[in-house]
Every structure is written in C-alpha cells, then in structure tokens.
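Colleague: Each chain is listed here by its residues.
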Amino acid sequence: MSSGFKRTRRGVALRLEAVEAAVVENLVAQLKQMLGELPKGDPGLAELGISESTEAPRDAALARLFPDGYREDGEAAGEFRRYTEATLRDGKERDAAVVLASLGSADIVLDAEQAQSWLRSLNDLRLALGTRLEISDDGYERFEDLDWDDPEYAMFVTYDWLTQMQDSLVACLWPE
Amino acid sequence: MRPDLPWLTIVWNDPINLMSYVTYVFQAVFGFGKGKAEKLMMDVHEKGRAVVASGAREEMERHVEVLHSYGLWATVKRDD
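Which chain is which? The protein sequence lines are A and B, in order. Anchor point for the first sequence: position 27 equals 27 in the numbering used here, and the numbering is continuous, going up by one each time. All you need for the numbering used here is the position in the second sequence, starting with 1, plus 1000.
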C-alpha cells in the first residue's frame, strides 16, 4: 500500500499502486459528475463567473462543497452564491483535472501548484465521502462495528485512506 | 447597524477537515505564523468557530471564497 506523499528534490512525490490509482481515478470521476449536477445557468453570464443559483444545493455532499457564504442572511447568501459558485466549481474541476492528469504515472511528482490542486481535490473527496458517511465529532467507533462486506465499511476504509494521504501531503507542504 | 463596524470572516468547526489541514490553510491563505494558525484552528475546534479576519466587506468575501476553495466552512458577518 502507498506510504503517502514524500518530499523529494524533484518535488512532492507519491507512489501509487495501480489499484490505488484506479480508486483515486474512480473517486475523482464521481466528483466531476457531482460538480456537473450544479445548475449551469445563462452561458453569457457564466462567462463572467455569474451563475443563476442563489440557493444551496439540495444534495448534502454538494451543499458541503458549495456552502453558504452568509449565515442568517438568506439574501446576502444568495447574492454571494450567484457571484462565486461558478468560479468555485471551475476551480474544483481544474483541480480534479490536475489529479487525473498526474495519475498516468506510477511515480507521481508534483510541482507547488499541482500539489495545491491535489490538496484541495483530496479534501473535496473527503468532504463528499465524509458527508455521505455522516462523519461526526463522535469518532469512528460506529464504523469499527460494521461488517467487512458492508458497502459503508468499504466507503469508510477509502475515507480513512484519503485522510492519511492528505495528512502526508500537508506534512510535505508545511512552511519551514 | 453602525457603519463604522467592520465585517468578519468566520470559520466554523466541522468534523471532516483535518486539524493539520486547517492550520496549513490558515498559514497559506493569511500568511499567519504557525503559532497563530494553530491557536485559531484550536478555537474553531473547541469553541465551534473563530474570527480569522476583519475589515471591508469585499475583502472578507474574497477570503471566504478562497477558504471555500479549500473546503473550509467559512462565512461573512457584520461585527456586532
């Protein structure tokens, strides 16, 4: 199993087994599909980064990826969303594309910018999976009691693996 | 509402974002030293939220936009 990200002279490096790369690829593909479910709105306005959505997505995971910018002020939250949601989605799609492009190699080496894309995209995956798993501050005990063939258990193992991968990336990027 | 009161960028606790990650994002986005970033992260974790910046409304909205790109749960609020 991959030992996570390491700092090397060439940049931040990650070695993934083929099956692990396939897992990441599959998750990122699902993420891209989720991002595609956001309302696109008027194409002319979209070019200016303005979308027509003023309400948080109904899907809980999507809502977590695109949170309100204001609490207790629906009108301000709607305006904020109208002007930021499309840009936020484009950024997530770009990050996801960077991750997919680097999966072609067994030895992944990232420059500083690519590392930021991996960092954000891994976090998007963790937020989406974690929301589906209803991760809470109560800890992980609930998952330890699940049967190994329970689909939720597999999802949790993946979530936990992404967590370790992200933590190792943060350790590499930590400012001196 | 008093017009002289500043706007705030608030980060809320959530059970998914890693403590190390949140500390890193505070350093990367705001240029905070590790000590300040860790203190704010602990405030978020223990008190449920922390004010990470204050100033003009547009500036706070830009901060929240960047924090959202990193997946942090951030909002803008008028100081009261």
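None of these hints come from the bench; they were simulated from the model. Check each hint, because a few of them may be wrong.
Unchecked claim - The list that follows gives simulated cross-link-like pairs (lysine-lysine, DSSO-like), each with its CA atoms no further than 30 Å apart:
1) B:K1039 / B:K1077
2) B:K1034 / B:K1047
3) A:K6 / B:K1036
4) A:K40 / B:K1077
5) B:K1077 / A:K6
6) B:K1077 / B:K1047
7) A:K6 / A:K32
8) B:K1047 / A:K6
9) B:K1047 / B:K1036
To be verified - If you want the footprint, here are the derived chain B segments under chain A, 3+ residues with CB under 8 Å:
10) 1019-1031
11) 1051-1065
Unchecked claim - Pair ranges (Cβ atoms, derived):
12) B:P1015 / A:R58: 17 to 23 Å
13) A:M155 / B:D1079: 39 to 45 Å
14) A:R132 / B:L1005: 38 to 44 Å
15) A:Q30 / B:G1031: 42 to 48 Å
Just so it is clear, the structure is predicted and the values come from calculations on it, not from any experiment. A virtual CB, placed ideally from N, CA and C, is assigned to each residue, including glycine.
Colleague: Using the Cβ atoms, figure out if Q30 of chain A sits within 42 to 48 Å of G1031 of chain B.
Modeller: 34 Å, violated
Colleague: Take a quick look at whether K6 of chain A and K1036 of chain B sit within 30 Å of each other, Cα to Cα.
Modeller: Judged against 30 Å, a Cα distance of about 26 Å means the pair holds.
Colleague: Is K1034 of chain B within 30 Å of K1047 of chain B, Cα to Cα?
Modeller: With Cα atoms ~19 Å apart, K1034 of chain B and K1047 of chain B stay inside 30 Å; holds.
Colleague: Is the distance from the Cβ of R132 of chain A to the Cβ of L1005 of chain B consistent with 38 to 44 Å?
Modeller: Holds - the Cβ-Cβ distance for R132 of chain A and L1005 of chain B, about 40 Å, lies within 38 to 44 Å.
Colleague: Does 39 to 45 Å hold as the CB distance between M155 of chain A and D1079 of chain B, or does it fail?
Modeller: Since the Cβ atoms of M155 of chain A and D1079 of chain B sit about 41 Å apart, the hinted range of 39 to 45 Å holds.
Colleague: Is the Cα-Cα distance between K6 of chain A and K32 of chain A 30 Å or less?
Modeller: 27 Å, holds
Colleague: Would the hint linking K1047 of chain B and K1036 of chain B be met if the CA-CA limit is 30 Å?
Modeller: 16 Å, holds
Colleague: For the pair supplied as a hint, K40 of chain A and K1077 of chain B, is the alpha-carbon distance within the 30 Å limit?
Modeller: Roughly 28 Å separates the two Cα atoms, so the pair holds.
Colleague: Quick one, are K1077 of chain B and K6 of chain A close enough, alpha carbons at most 30 Å?
Modeller: With Cα atoms ~39 Å apart, K1077 of chain B and K6 of chain A exceed 30 Å; violated.
Colleague: Given the hint that K1047 of chain B pairs with K6 of chain A, does the C-alpha gap stay at or below 30 Å?
Modeller: Judged against 30 Å, a Cα distance of about 33 Å means the pair is violated.
Colleague: Three residues or more, CB to CB closer than 8 Å: is that satisfied between the segment 1019-1031 of chain B and chain A?
Modeller: holds (count 5)
Colleague: Would you check the hint for K1039 of chain B and K1077 of chain B, treating anything up to 30 Å between C-alpha atoms as holding?
Modeller: Distance of about 21 Å is within 30 Å: holds.
Hints 5, 8, 15 from the earlier list are contradicted by this structure; the remaining hints agree with it.
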